[in-house]
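**Student:** The task is simple: from the sequences and hints, build the whole structure.
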Amino acid sequence: MAPKVKGKATASQQPPPPIEDLFSNLNRHIERSEFEQAVKVADQVLSVAPNDEDAIRCKVVALIKCDSIDKALSTIHSAQRQNLPFDFSYFKAYCLYRQNKLDEALESLKGLERTSETMLLESQILFRLGKMDACVDVYQKLQKSKIDTLEINLVAGLILAGKSSQVQGMMEANRIKASSSFELAYNTACSLIERNKYTDAEQLLLTARRVGQEALMDDNLAEDDIEIELAPIAVQLAYVQQLLGRSPEAMEAYTEIINRNLADESSFAVAVNNLIALKGSKDVSDNLRKLDRLKEQDAQAFQLARGLDKLSPKQKEAIYANRVLLLLHTNKMDQVLCLAFCIPFFLFLLLSSIIQVMGSSAYLDNACLLPIFNRHENLSLLCQTCLLTVCCQCCFKLRSLSERTRLLKLKKYLASLLRSSLTSLGSFFLQGRKLLLLLAIPKLQPTPCLRYLIFSTCLLLLLL
Numbered sequence: 000m001a002p003k004v005k006g007k008a009t010a011s012q013q014p015p016p017p018i019e020d021l022f023s024n025l026n027r028h029i030e031r032s033e034f035e036q037a038v039k040v041a042d043q044v045l046s047v048a049p050n051d052e053d054a055i056r057c058k059v060v061a062l063i064k065c066d067s068i069d070k071a072l073s074t075i076h077s078a079q080r081q082n083l084p085f086d087f088s089y090f091k092a093y094c095l096y097r098q099n100k101l102d103e104a105l106e107s108l109k110g111l112e113r114t115s116e117t118m119l120l121e122s123q124i125l126f127r128l129g130k131m132d133a134c135v136d137v138y139q140k141l142q143k144s145k146i147d148t149l150e151i152n153l154v155a156g157l158i159l160a161g162k163s164s165q166v167q168g169m170m171e172a173n174r175i176k177a178s179s180s181f182e183l184a185y186n187t188a189c190s191l192i193e194r195n196k197y198t199d200a201e202q203l204l205l206t207a208r209r210v211g212q213e214a215l216m217d218d219n220l221a222e223d224d225i226e227i228e229l230a231p232i233a234v235q236l237a238y239v240q241q242l243l244g245r246s247p248e249a250m251e252a253y254t255e256i257i258n259r260n261l262a263d264e265s266s267f268a269v270a271v272n273n274l275i276a277l278k279g280s281k282d283v284s285d286n287l288r289k290l291d292r293l294k295e296q297d298a299q300a301f302q303l304a305r306g307l308d309k310l311s312p313k314q315k316e317a318i319y320a321n322r323v324l325l326l327l328h329t330n331k332m333d334q335v336l337c338l339a340f341c342i343p344f345f346l347f348l349l350l351s352s353i354i355q356v357m358g359s360s361a362y363l364d365n366a367c368l369l370p371i372f373n374r375h376e377n378l379s380l381l382c383q384t385c386l387l388t389v390c391c392q393c394c395f396k397l398r399s400l401s402e403r404t405r406l407l408k409l410k411k412y413l414a415s416l417l418r419s420s421l422t423s424l425g426s427f428f429l430q431g432r433k434l435l436l437l438l439a440i441p442k443l444q445p446t447p448c449l450r451y452l453i454f455s456t457c458l459l460l461l462l463l
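So for the sequence shown, numbering that gives the first Met the number 0 puts the first residue at 0; every next one is plus one.
Any given hint might turn out to be false.
Claimed, not checked - Here are the simulated EDC-like cross-link-like pairs (lysine to aspartate or glutamate), alpha carbons at most 16 angstroms apart as the crow flies:
id: 1; residue 1: K39; residue 2: D53
id: 2; residue 1: K294; residue 2: E316
id: 3; residue 1: K315; residue 2: E264
id: 4; residue 1: K278; residue 2: E251
id: 5; residue 1: K289; residue 2: E255
Hints in this document: simulated from the structure, not taken from any laboratory. Everything numeric in this text was worked out from a predicted model, so none of it was measured.
**Tutor:** Encoded structure:
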């Protein structure tokens, strides 16, 4: 019987290529931005040399470039568990930043040398956390580093830190032209809006749109992609039209942005929010449906989608506040109370819910109430005055009710009272400004007297 012919050796039986060839392939894939292939080759290197620092770093960077942030973080954790003598703190911080775990990201940067790379990441984390003064401080230290887009971020940081008046001086001192890029023109226009120079802002936004269209066409971007890139400018132009009293134009622009759905998630959210702010209490049901498009799909209660993490805390607050106001118009108090911790006047809603549950026997001592109040000690003067007015009126109304009927009537009364109080203070719907800015209630530090009045009134309300 003839002997059987041996089959060819399988791939697993073949010896791996020399490690030098693997690194050559790895370098070639990275230079060509073929990051998925780079990950595979890095794994081949690690199968031969499991603890090779260069291979691990290349794999982590390639995974980040592929937007596989979870896998990149897993690779870092695996290296840390093996107690390898490599410091991946910077990459870990960046991955945590991308996952919006901002406090953990900032913690991971501690102890690292303050290079331009680490400081730039720190500034971005601080920016996302809303710590604008600290963010601007880091940007100013980075000015000598000649980092691309630093001026863009510095202008944005100054605006959000309430220092728009410093933008012009900073640009003149550093010989920076606003029209040097469409992003810088956009942010400079935002600073003009902060200074109430709406006509100048509109002209600069038109310049930003023109410069952006030219630059992106040179990059051979498709027409729809260009529209998505310039969506923030379109939203801001509509907002300026709104400020200049051209509400029909603004409403038409917002509606077109929403209907065409050619905008990044954050710009889309601001367009929806601003349109609702412009319409006020009209079409409440339709406005609620529009806000539902910003909701996290799997969440049972209303929660902003994860893609809206780039919105500033104030912008998120505006969206939640507008939803609360719409819900109040439909007397959906149960849903209102679910959003109580997302909005600046949550203290009143929280107190009303406590009273509904505990009735006239409700008692909350200073130790319990003060931390709640201190958490929002930066409430605007308008919010504080509104809260004080509503609480005082509640006290007088509650005194006139018998013990038996008090709790039965309280829920309906509180809803109508809050709604009418807000309406009497003018349009309370908040308006956003793209990714960086928000037209909110004026931020004024609370006076000790006003804080005392609110605190005493809340205590009185609870002790009735």
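**Student:** Does each hint hold? Answer for all of them.
**Tutor:** Cross-check of the supplied hints:
Of the supplied pair hints, the one linking K39 and D53 holds, its CA atoms being roughly 14 angstroms apart against a limit of 16 angstroms. A distance of roughly 14 angstroms separates the Cα atoms of K294 and E316; the hinted pair therefore holds under the 16 angstroms criterion. Simply put, K315 and E264 have alpha-carbon atoms about 13 angstroms apart, close enough for the 16 angstroms limit, and the pair holds. For the given pair, K278 sits about 12 angstroms from E251 by alpha-carbon distance, which is consistent with the 16 angstroms threshold.
Taken as a hint, the K289 and E255 pair is honoured in the structure, with Cα atoms around 14 angstroms apart against an allowance of 16 angstroms.
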